[in-house]
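The listed protein sequences correspond, in order, to chains A and B.
Counted from 1, the first sequence has number 370 at position 296 by the numbering used here; the numbering is strictly sequential.
Counted from 1, the second sequence has number 564 at position 538 by the numbering used here; the numbering is strictly sequential.
Just so you know, not all the hints are guaranteed correct.
Stated by the list, open to error - Examples of chain A residues toward chain B, derived with CB under 8 Å: (1) Q121; (2) L124; (3) L126; (4) E146; (5) L161; (6) L163; (7) W164; (8) Y178; (9) L284; (10) P287.
I should point out that these hints are in silico values taken from the structure, not numbers from a laboratory.
Cβ coordinates follow ideal geometry from the N, Cα and C atoms, glycine included.
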Amino acid sequence: MNLIETQQLTRRFGRTTAVQALDFNLPAGSLCALLGPNGAGKTTTLQLLLNLLAPTAGGARVLGVDVRRLGEREFAQIGYVSENQPLPLWMTVRQYLDYCRPFYPAWDRALEQTLRAQFALPPDRTLQQLSRGMRMKAALLSSLAYRPRLLVLDEPFSGLDPLVRDEFVRGMLEVAATGEWTVLVSSHDIEEVERLCDRVALLDRGRLQLDEPAEALLGRFRRVEVTQAPAAAGPAAGWLDWEQAGALTRFVEPAYAGEATAAAWRERFPGATVTAQPMTLREIFVTLARSGRAENRRGAAA
Amino acid sequence: MKLLWHIVRKDGARLRLPLGLWGLLLLAKLALGAMLRAGGGADYVWFARLELYINLCTGLGALMVYVLVALLIHEDALGEASAAWRTRPISRARLLGAKLLGALLMFGVLPVLLSLPWWWVCGFGLRELGVAVLETLAWQALVVLPSLALAVLSHNFGRYFTLTLAVIFFVALAGMLQLAYLPDPAQAPLPVRDSRFWVVLALLLAGIVGVVLHQFLTLRTWRSCALGLGALALALASVSLWPWDVVTPARLANPAAARGVTLASPWATLDRNSEHQPNNVRVQFAVRNVPDGWVALGYTAQLSWRGPEGTRLGAHGWVSGGTPQEKFARSVHQVLQLPPERPDAETVRWQAQRLAELRARTGTSWVQGPPPARRPGEQAFTAYVNVKGYRGDELPAQLAEGELTTDHELARPVPLLDLPLKPGARRSQGARSVRVTRIEPNPTKGHEADLIVRAVETQPSDLLRWLVPMFRYGWGFKLDGTAGYWLVDRAQGQARWQTSMGMGPTVWVNAVQLTWARWDVRAPRVVRGGQWVTWPANWADVVSLALVGYDQATPFQRTLPIERLEDPKAPAPETP
Chain A
75 MNLIETQQLT
85 RRFGRTTAVQ
95 ALDFNLPAGS
105 LCALLGPNGA
115 GKTTTLQLLL
125 NLLAPTAGGA
135 RVLGVDVRRL
145 GEREFAQIGY
155 VSENQPLPLW
165 MTVRQYLDYC
175 RPFYPAWDRA
185 LEQTLRAQFA
195 LPPDRTLQQL
205 SRGMRMKAAL
215 LSSLAYRPRL
225 LVLDEPFSGL
235 DPLVRDEFVR
245 GMLEVAATGE
255 WTVLVSSHDI
265 EEVERLCDRV
275 ALLDRGRLQL
285 DEPAEALLGR
295 FRRVEVTQAP
305 AAAGPAAGWL
315 DWEQAGALTR
325 FVEPAYAGEA
335 TAAAWRERFP
345 GATVTAQPMT
355 LREIFVTLAR
365 SGRAENRRGA
375 AA
Chain B
27 MKLLWHIVRK
37 DGARLRLPLG
47 LWGLLLLAKL
57 ALGAMLRAGG
67 GADYVWFARL
77 ELYINLCTGL
87 GALMVYVLVA
97 LLIHEDALGE
107 ASAAWRTRPI
117 SRARLLGAKL
127 LGALLMFGVL
137 PVLLSLPWWW
147 VCGFGLRELG
157 VAVLETLAWQ
167 ALVVLPSLAL
177 AVLSHNFGRY
187 FTLTLAVIFF
197 VALAGMLQLA
207 YLPDPAQAPL
217 PVRDSRFWVV
227 LALLLAGIVG
237 VVLHQFLTLR
247 TWRSCALGLG
257 ALALALASVS
267 LWPWDVVTPA
277 RLANPAAARG
287 VTLASPWATL
297 DRNSEHQPNN
307 VRVQFAVRNV
317 PDGWVALGYT
327 AQLSWRGPEG
337 TRLGAHGWVS
347 GGTPQEKFAR
357 SVHQVLQLPP
367 ERPDAETVRW
377 QAQRLAELRA
387 RTGTSWVQGP
397 PPARRPGEQA
407 FTAYVNVKGY
417 RGDELPAQLA
427 EGELTTDHEL
437 ARPVPLLDLP
447 LKPGARRSQG
457 ARSVRVTRIE
467 PNPTKGHEAD
477 LIVRAVETQP
487 SDLLRWLVPM
497 FRYGWGFKLD
507 GTAGYWLVDR
517 AQGQARWQTS
527 MGMGPTVWVN
537 AVQLTWARWD
547 VRAPRVVRGG
557 QWVTWPANWA
567 DVVSLALVGY
577 DQATPFQRTL
587 PIERLEDPKA
597 PAPETP
């Protein structure tokens with residue numbers, strides 16, 4: 075079952091198209107990272123999914139309900155943490171949780187206390203007195219304590235130092251281990267996302283570039299180095315980041331399928347030495363983003 | 027409902043400091059009111075200073091309400107996509123309910139609760155309490171409702187303030203355009219002008235309610251703005267363009283008590299003005315068969331006649347029944363159960379002799395004697411009607427077929443309290459109380475026995491007392507029915523109206539009206555040996571100031587044809 079489904083979801087701001095004809099599904103139980111460079115439309119997509127913005131065209135369903143009709147019943151099952159969302163800074167952590175609690179019939183006091191201890195949140199300090207990381211933890215706690223079916227995180231690691239970030243991710247993973255959660259997280263912080271997510275969606279200029287399980291993605295991308303390649307050999311269709319420097323040729327293979335792909339390389343570069351290395355999510359992201367920009371430039375020039 | 031209260035409690039906790047400050051300001055205002063009410067023997071400057079402080083508190087309080095409303099709404103801002111409530115299980119309707127409930131509690135219930143001890147001290151009964159609560163809510167609504175409409179359209183104070191300035195600018199601009207391009211509202215018939223007031227009020231109220239509901243339920247800020255501006259523009263246009271009289275039907279009531287009352291002897295005079303000023307028509311008439319114990323009050327007048335093309339034309343004005351002494355002396359005499367007045371024989375003789383001498387010396391009869399005695403149940407009135415758009419020489423012919431319609435009320439004088447002329451004397455009747463603070467000689471009047479009596483008067487401000495006749499008679503009404511003070515000498519059977527010229531500043535403190543009253547009380551005089559002397563010598567001990575109010579008003583309307591029109595300033599006919 076999909077908790078999120080979008081059909082041709084589009085949002086324009088004047089002449090700028092922030093999200094363009096997005097078709098995206100998020101199955102229940104997934105931990106999905108929504109990646110993309112600045113201005114890719116990640117935050118807009120999340121805001122569309124939570125009815126914070128109205129779509130210009132297309133539509134979306136969250137928890138089986140049209141996003142335009144999301145009501146109290148649905149929001150009681152959705153957690154949302156965003157770096158942009160203002161918190162009531164005048165409240166203490168205790169007051170904040172006391173305020174949020176009555177809105178959620180499924181609020182779990184035991185889980186709240188566990189998470190509060192785990193996040194080391196001082197109950198009598200006002201949110202104003204907390205560091206940015208602690209505030210994000212308080213926001214996360216207020217969005218986890220009712221065991222939401224869907225958790226949406228918008229740049230949750232932004233501005234956090236590595237230690238807090240690590241604690242945050244660890245906390246998330248521990249919570250994720252306690253039940254069936256569906257998480258959609260948008261972030262620039264790919265290393266943290268890689269630890270957290272089992273699925274990756276990439277947005278660029280409002281368009282969905284890819285959406286697949288992280289394992290499959292990592293499995294099909296390879297950085298390939300060819301030494302002593304024939305001078306006439308050019309890139310095959312689909313290869314990314316092609317570069318040649320003297321006897322060394324480098325490219326990224328986005329469709330690696332084991333021995334069959336290796337055989338195809340050997341056939342293309344007879345007599346050459348071909349080595350292929352797995353790539354990190356970060357490298358894949360950078361490669362895709364770079365090739366996207368290059369395509370952009372070509373489009374603009376044409 | 028539980029969650030509604032939960033949100034209200036959160037807002038209350040958030041705003042506790044500014045709300046506390048506002049509450050303190052209200053209490054300070056009430057304390058100043060209590061000081062004024064107690065104000066023993068203090069002078070006018072002291073009263074005026076406290077009045078200034080009270081008015082400052084009122085102004086500052088209104089400003090704080092303007093800010094507090096914004097804080098209340100912006101706590102869960104509507105126009106901001108990142109506002110936390112939007113991703114929590116809080117529906118827009120629930121948030122609207124919570125904010126309205128919060129506004130009612132903070133800006134309605136809180137001032138009422140704080141004012142209760144004040145009203146209790148002022149002796150308010152249940153009716154006065156009910157009216158005071160309504161009045162407090164109405165005054166609060168005057169600031170809260172427009173602020174609410176502006177606050178829901180903005181999500182921070184900067185935008186709220188900018189929007190306020192924009193609306194003020196829009197109203198000013200629309201007002202200028204209205205003056206330049208639309209008909210002058212003052213030219214409209216009086217009932218239409220009155221109708222416009224209520225229509226504009228209704229439109230503004232509907233606009234505010236529409237903006238708040240629409241914005242909360244749809245979060246479409248631009249559409250809400252358009253809705254608000256539309257209502258505002260419509261209201262401004264209605265000031266000049268609303269054509270229908272929607273209030274007259276509400277005024278028409280001719281109950282049995284007024285059935286026998288008739289109007290008679292209309293005598294119209296044309297007062298010609300300069301070329302640039304409109305002409306006035308004065309119509310003197312009598313109201314007859316006023317039931318015993320009642321007095322007739324006059325309000326608005328309408329003069330109508332056939333125009334040049336047979337159309338019905340009209341002009342509006344107001345009705346005066348003369349001085350309170352002329353109008354009410356007889357009925358006041360009755361309700362105070364005074365013995366028949368016994369004029370001093372020597373004084374009457376001397377006055378008659380002086381009058382005859384004066385007439386003989388001047389050779390004319392313009393020196394008027396005492397007004398002619400009227401029949402029982404008859405009162406004299408004059409209607410003053412402003413006739414615009416007609417040249418004076420056209421009017422006599424037109425008015426030959428004219429008729430006069432006047433609005434009246436029958437009221438019954440009611441004695442309220444009797445205040446002795448003693449410093450420190452206090453008398454109360456219900457929620458109204460008067461305390462004499464000082465009595466001193468009045469040398470300016472040239473008679474050393476005359477006195478200046480100062481007092482502080484406290485009474486419910488009773489907005490309804492103003493609003494009901496305003497609705498019934500329009501802005502043109504004169505509140506003849508308000509209470510007045512009479513200097514009463516029971517031994518001599520005399521009741522003399524004390525002019526209100528001496529009434530000092532009035533200040534309103536949470537539905538209580540405090541007036542610094544001053545009466546120039548003229549000592550009773552008789553002629554002895556050709557000289558005016560004070561009599562009796564201990565007059566201040568035997569007279570009192572009686573407060574007489576008017577109750578059980580019964581409105582009625584009458585129409586009578588104009589029988590005669592005089593034109594004393596008519597230009598002489600040209601000679602060939």
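Broken hints, by number: 6, 9, 10
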